[in-house]
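Required output: the full structure, derived from the provided sequences and hints.
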Amino acid sequence: MSLQQFPLISIVLFFPLVGAVILFFVRRDNAELIKRFTLVWTIITFVVSLGFVIGFQSGQPGFQFYENRPWIPDLRIGYQVGLDGISLLLIILTTGLMPLAVLSSFKAITERLKEYYIFMLFLEVGMLGVFVSLDLFLFYVFWEVTLVPMYFLIGIWGGKRRVYAAVKFFLYTMAGSLLMLLAILYLGIHGGTFSLPELLANNGWLREAPEMLLFIFFGIAFAIKVPMWPFHSWLPDAHVEAPTAGSVILAGVLLKMGTYGFLRFNLPLFPNASREAAPVIAVLAIIGIIYGAIVSFAQTDVKKLVAYSSVSHLGFVMLGIFALNPQGIQGALLQMINHGISTGALFLLVGFVYERRHTREMGEFGGLWKILPIYGSIMLVVALSSMGLPGLNGFVGEFTILLGSWDAGRAGGSLGSYLYTAFAAIGVILAAVYILTMFQKMFMGETRHEENKRLIDLSQRELWVIVPLVIFIFIIGIYPQPFFGTMTASINQLLQNMASGAVALH
Amino acid sequence: MLNLEIIIFGALALITVVAAVMMIIARNAVHSALFLVVVMSSLAVFFLGLWAPFIAMVQVALYAGAIMVLFLFVIMLLGAERAGARLLLAWQAPLAIGLTVLVVLLGALLLLNTAPFEVVDLPAAEITEGTAEAIGQALYSVWLFPFEAVSILLLVAMIGAVVMTRQETRQEARDERKKKSL
Amino acid sequence: MSNTSFVALFPLFIGLSVVLFSLGVIGVLVRRNAIIIFMSVELMLNAANLAFIAFARSFNQIDGQVFVFFVMVVAAAEVAVGLALIVAIFRSKQSINVDDINQLKG
Amino acid sequence: MHEVSSEVPQVFQYAWLIIAFPFVGVLVNLFGGKNRSEKTIGWTAVFFATLAFAVSLVVVITLIGLPPEETKLNAGFDVPLFTFFSIGETTVEMGLHIDWLTGVMLMVVTGVGTLIHVYAIGYMHGDPRFQRFFVYFNLFLAMMLILVLANNYLMLFVGWEGVGLCSFLLIGFWFEKDANGNAAKKAMVANRIGDYGVMLAMFAMLIGLGTLQFAGVFEAAEHGGFEAWLLPAITLLLIVGVTGKSAQIPLYVWLPDAMAGPTPVSALIHAATMVTAGVYLIARSEPLFHAVSEVQALVGTLGAVTAVWAGLIAVAQFDIKKVLAYSTVSQLGFMVAAVGMGAVVAGVFHLMTHAFFKALLFLGAGSVIHGVEHGHHHVAHAKHDAHSGHGDDGGHDAKRDHPAETEFDPQDMRNMGGLRQRMRTTTIVYLIGSLALMGIVPFAGFWSKDEILYFASEHGAVILVLLLVGAVLTAFYMTRQLIMVFFGQPKTEAAAHAQESPRIMTVPLLVLAFFSTVAGFLNAPLLGLTPFTGWLEGPEAHHEFDLTRALILAGLATGLALLSVFIGYLIYRPKAQKAGVDDPLRKLGFVFTALNKKLGVDEFYGLLFVRPFIWLCNFLAWVIDWRFWHDWFHDRAIRDTFLKITDFLANPIDKLVIDGAVNGTGRLVAWASGGLRKLQTGFVRSYALLMLAGVVLVVAWFTLIVLQGR
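Quick mapping for you: the protein sequence lines, in order, are chains A, B, C and D.
For the first sequence, numbering that gives the first Met the number 0 begins at 0 and goes up steadily by one.
For the second sequence, numbering that gives the first Met the number 0 begins at 0 and goes up steadily by one.
For the third sequence, numbering that gives the first Met the number 0 begins at 0 and goes up steadily by one.
For the fourth sequence, numbering that gives the first Met the number 0 begins at 0 and goes up steadily by one.
Please note that a few of the clues may not be correct.
[Said to hold, decoys possible] With a Cα cut of at most 30 angstroms, we get these calculated DSSO-like pairs of lysine-lysine:
#, chain 1, residue 1, chain 2, residue 2
1, D, Lys33, A, Lys369
2, D, Lys586, A, Lys440
3, A, Lys440, D, Lys597
4, D, Lys33, A, Lys440
5, D, Lys38, A, Lys440
6, A, Lys452, D, Lys596
7, D, Lys596, A, Lys369
Calculated from the structure, these hints are not laboratory results.
Fair warning: this is a prediction, and the values are worked out from it, not measured in the lab.
Structure below.
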């Protein structure tokens with residue numbers, strides 16, 4: 000297949016970088032040009048990235064669009080990229096969210112436009128790089144690259160406590176990734192290569208490795224990024240202070256880097272440790288689910304509410320991954336996409352109303368549905384998707400995750416997993432409680448504040464931003480099988496490798 | 000004959016070194032520049048004697064001509080003939096000279112202790128003379144890529160120089176003020 | 000001028016080159032006038048050029064000369080940018096004394 | 000028994016149209032309904048509902064034509080649609096299942112649904128969100144049809160939650176009032192708690208039995224070969240769902256509050272269709288329940304207790320719709336008890352008849368409210384000619400027109416009375432509906448209720464007695480309501496000026512009244528008519544029918560009901576004529592107050608669950624997460640500790656420097672650090688000098704090597 004040999008990944012990966020360089024030479028006072036250029040550029044990136052979907056062979060478990068070039072040959076570090084069923088959807092999510100995030104910033108960002116859009120493009124490069132890297136070192140480089148633009152996005156264009164939030168975000172993530180760097184270096188030195196496929200191909204040397212320690216080192220870096228309870232403290236700060244587009248990208252893609260890391264590195268590299276740690280992580284995930292939901296309920300700032308709901312949703316994802324069976328992992332993977340879409344859309348919607356009223360306190364609203372019928376209806380759909388209403392995307396993910404978690408007990412033969420599932424499913428009830436409370440506080444009741452009566456409904460531009468997400472909410476909710484289809488082969492192979500790797504060690 | 004060579008060489012070398020020393024110690028920057036012109040011209044003569052007529056010409060035209068004129072021009076423009084009244088780092092001069100001498104001595108020691116360099120004199124017909132043609136041949140065949148790269152470098156430097164020294168236009172100043180007031 | 004004989008003086012050329020280079024170094028380190036520092040750098044470049052040409056002659060290769068050509072181009076570029084920098088600095092600080100330019104002080 | 004016929008009739012291939020048509024209606028009205036007239040919007044919605052009804056009719060007619068053993072409950076036909084997901088060993092195939100249970104439900108949902116659509120055009124007249132109402136209504140129809148047509152639990156669940164959503168939207172339809180929003184939220188959350196059970200039941204099925212398709216599940220359940228706890232667990236979890244959706248104890252509390260929605264909503268969703276979904280679920284899962292008799296007994300008792308419990312509360316309500324709401328809960332108790340006992344036919348039959356007469360009652364109540372509001376409006380209009388410039392548009396926003404008079408409650412039965420003179424049609428149909436509900440011969444309710452009682456008598460005395468008490472209570476509170484609303488003298492000006500509703504509302508009432516009268520004859524074993532049983536159970540099904548016992552029971556039930564009507568008449572008749580007279584039952588004192596306050600269940604739940612939950616939320620969010628974890632642990636503990644450590648490291652070193660100046664040891668440090676700091680001079684020349692020094696070192700190194708090498 001010709002598309003497979005074409006260096007499509009490199010093209011998509013560095014395309015935004017080229018855009019950033021071009022943007023560098025655009026006069027800073029030409030705001031319209033900067034905005035439109037960035038938008039068009041990200042759309043082109045998205046369209047080109049659709050080539051992955053077209054050329055993807057879903058029956059094949061291995062890496063596709065594979066490229067391997069020497070980078071630092073002396074250290075056996077290579078520019079090795081490729082994608083499989085695990086990363087495909089995340090890549091499309093990244094390229095797809097980007098134009099929406101850019102479009103949503105058109106009115107919100109009025110200062111230092113040029114830098115802002117350059118950072119956005121840089122961020123896209125970093126995120127895509129994380130998802131396509133097959134070399135541990137390359138992965139680490141991209142992992143850190145995403146930090147920098149996000150730091151500036153929060154720190155420059157954020158809210159009142161932006162510097163605090165940005166520094167906290169940076170330090171927190173950095174602390175975790177340093178541990179990961181140690182583990183990567185250990186793997187690179189003892190495994191003789193930084194290449195993930197090669198490490199997996201001859202993992203016999205792992206026999207002597209302190210597997211659990213490496214698992215924890217990787218795991219903490221990823222857990223902070225997810226964020227798993229109790230590492231979630233940076234999230235509300237970062238989300239509340241970040242500009243809307245920053246929140247969208249943060250929730251939509253950056254958090255997924257953590258869960259993706261677990262799937263891509265922790266499970267295949269350390270199968271035994273994963274198996275041993277699974278109950279602990281499942282407990283943490285369930286605590287996260289319930290805790291996130293409960294804490295969300297008490298929030299008065301709607302953006303913070305959405306941020307805490309992310310903790311809850313990502314708890315589901317983690318639970319699914321560590322169910323260690325196809326249902327759980329595929330559900331988790333789909334839930335990553337779902338969360339990207341739903342929570343991204345929620346942040347966008349919150350951003351829209353923030354641009355109008357400059358407040359996010361729910362007490363300041365009430366009765367908005369009467370004044371903003373379109374906005375209210377879209378918010379309703381998105382909120383329902385977030386609380387997992389069947390027929391919308393959130394349900395499919397949660398259902399399959401919980402199914403996997405229920406199934407996990409069959410192998411062990413213990414009642415544990417049923418209890419896990421029963422507890423985790425409480426999150427579904429609690430989601431209804433906090434989402435509906437939020438909806439009621441904001442949209443129902445009498446319009447009490449005079450300012451709210453003069454609000455105008457969504458503009459055409461805002462509709463362009465939000466409607467694509469709503470469409471996907473419906474598509475995934477009604478017919479998810481094609482999405483599962485892309486990942487089946489890769490996930491099955493992952494689980495097979497885990498099983499055989501575990502057998503080999505015992 | 001050898002003596003003649005030595006005499007010519009010695010005389011020129013003396014002029015060069017003295018001019019170089021004068022350049023460094025001259026108080027007036029204009030004088031420094033003029034001494035540097037002397038150094039460069041005498042170097043051009045050396046080049047000629049080393050069978051490199053094209054480089055010699057370039058040396059005269061580019062260095063002694065263009066570059067030095069540029070130096071003089073800037074010196075005059077800034078009125079910087081006698082800059083640097085304050086002497087902050089007095090201790091540095093002896094240290095610098097000492098170190099330089101040290102490195103020269105060390106180098107000499109190094110050279111003297113390595114195998115002597117055999118120089119074979121060739122008949123005139125076999126010497127490749129650095130004519131414009133020969134250099135051109137080399138530049139456009141083997142060295143084509145560096146040549147192009149260097150030309151781009153030159154272009155970039157030119158643009159950079161223009162950008163850095165450009166005065167703010169009035170329009171821009173007004174824009175700037177408007178932005179600040181916003 | 001003789002065609003061949005200068006080559007016998009090859010070590011002297013190298014020596015001259017070393018002397019000129021060292022003088023350039025001393026100039027850079029001792030003088031405070033940025034323009035003179037610049038000229039010293041030019042002197043160093045020229046010293047290197049002399050060595051190049053001498054070697055080219057003794058090895059009977061044209062490549063050394065070509066390289067000198069490149070060095071000259073780079074020097075020209077450097078002078079252009081450097082002088083522009085000096086002008087710019089002078090505009091803002093009214094001085095070209097390098098010791099006045101120490102914002103990077105630790 | 001559960002084999003699926005291989006030959007699916009051609010017609011059933013198009014059964015998906017039943018679901019599709021209301022969806023098209025949703026889209027048409029959603030995107031094309033802006034700025035259209037009420038008529039266009041309303042009749043568009045009705046049109047698509049009618050199309051669904053028409054297709055359903057074709058399906059049912061086809062069912063009649065097919066051999067009964069192929070179409071009975073859980074035999075039927077599967078029409079696969081598409082694969083929802085297939086992961087590992089678990090696959091869920093979306094598809095339609097058509098048998099007689101589906102057929103009956105289709106008729107009820109589309110038939111009653113269409114009628115209520117028509118009625119709503121009249122009722123919702125003048126509402127500013129007319130378009131939205133019909134969008135929701137069509138959406139509800141579609142979701143309900145998904146629920147009844149599904150061939151697997153997951154698709155059923157999609158419809159199950161979908162109707163819950165529509166219920167939420169429609170209860171909160173007039174969301175300006177906080178109470179409505181609260182009621183909507185309460186309904187959704189209570190339903191979600193139930194759905195939690197259904198979801199877990201689905202996991203247990205999909206993992207334990209390997210599939211979610213009805214046919215597969217029932218077959219697997221029959222064959223066994225799984226852990227013993229599986230079926231009890233599944234059925235119990237399903238019951239949790241049923242208590243949520245079908246408003247049984249303990250989750251019934253949302254249904255009375257749900258009356259905050261417009262009356263057509265109460266009729267369609269909270270009486271006729273959605274709330275019966277739980278009954279449908281148990282009926283559908285009959286093979287599962289069949290296998291675990293303990294759970295069956297539990298469900299039967301649960302239903303019977305609910306029937307009495309809600310009946311008691313209904314006796315002491317003043318709101319016309321609240322009475323009907325508790326009556327619905329009570330009747331749902333009857334149905335749940337029936338299907339719980341395994342009397343699927345009786346339960347489903349009661350479901351159907353109840354759908355007719357309860358929809359009729361609700362719509363009748365809507366008509367009454369409409370009329371009273373109209374009267375009130377009329378009176379108020381006369382009084383405040385100056386400030387109310389509006390014409391007589393829909394009665395129900397009278398409140399909004401006259402904010403000063405919100406204290407008037409057009410739903411309070413104490414404000415009515417004597418309406419029979421001014422609202423003749425409504426009175427007649429309401430009477431028919433009430434008689435059907437009370438179970439008086441020969442109206443529909445008699446036959447269905449009688450059948451349930453008959454099965455209960457087979458099952459045990461407790462349930463039978465409970466259900467009989469329920470029936471007596473039903474007769475009593477309906478008598479009370481009839482007298483308070485329609486008889487005696489008008490108690491307020493508004494009631495005196497009430498006006499009959501327009502034709503568009505009364506015609507559906509008449510149709511429903513017709514069905515409430517005759518539907519019972521579909522299954523009247525006393526008369527030897529049992530086509531309904533034949534449809535659902537197939538020809539070979541045949542119960543031993545004890546005619547004597549049936550007759551005794553029928554006589555007993557009817558007699559008790561009539562007695563209770565008579566008592567009600569005695570109590571209420573004399574007092575109902577004058578205005579301002581309180582309920583005579585208030586003499587019961589504490590008991591009446593307790594019943595009137597709904598036995599304090601809401602307050603109890605509030606104290607037990609809601610308040611602790613809110614306290615927990617606030618505690619976790621603000622104390623634990625924010626003050627402790629965010630502020631104290633991260634900002635104080637970690638950051639400040641870090642700062643302190645650096646401080647600790649810095650200060651002693653400083654002191655060392657000072658001390659060293661004294662004892663000489665520090666001088667070295669001072670010199671070194673000073674020297675090092677001096678290196679960072681910012682002077683370019685110094686840096687260059689350092690570079691040169693480096694060069695010297697390198698050259699010296701080389702020299703050293705060369706000299707050594709020699």
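Hint check:
{"no.": "1", "hint": "D:Lys33 - A:Lys369", "in the structure": "holds, 15 angstroms"}
{"no.": "2", "hint": "D:Lys586 - A:Lys440", "in the structure": "violated, 42 angstroms"}
{"no.": "3", "hint": "A:Lys440 - D:Lys597", "in the structure": "holds, 27 angstroms"}
{"no.": "4", "hint": "D:Lys33 - A:Lys440", "in the structure": "holds, 27 angstroms"}
{"no.": "5", "hint": "D:Lys38 - A:Lys440", "in the structure": "violated, 33 angstroms"}
{"no.": "6", "hint": "A:Lys452 - D:Lys596", "in the structure": "violated, 38 angstroms"}
{"no.": "7", "hint": "D:Lys596 - A:Lys369", "in the structure": "violated, 33 angstroms"}
The structure is inconsistent with the numbered hints 2, 5, 6, 7, although it conforms to all the rest.
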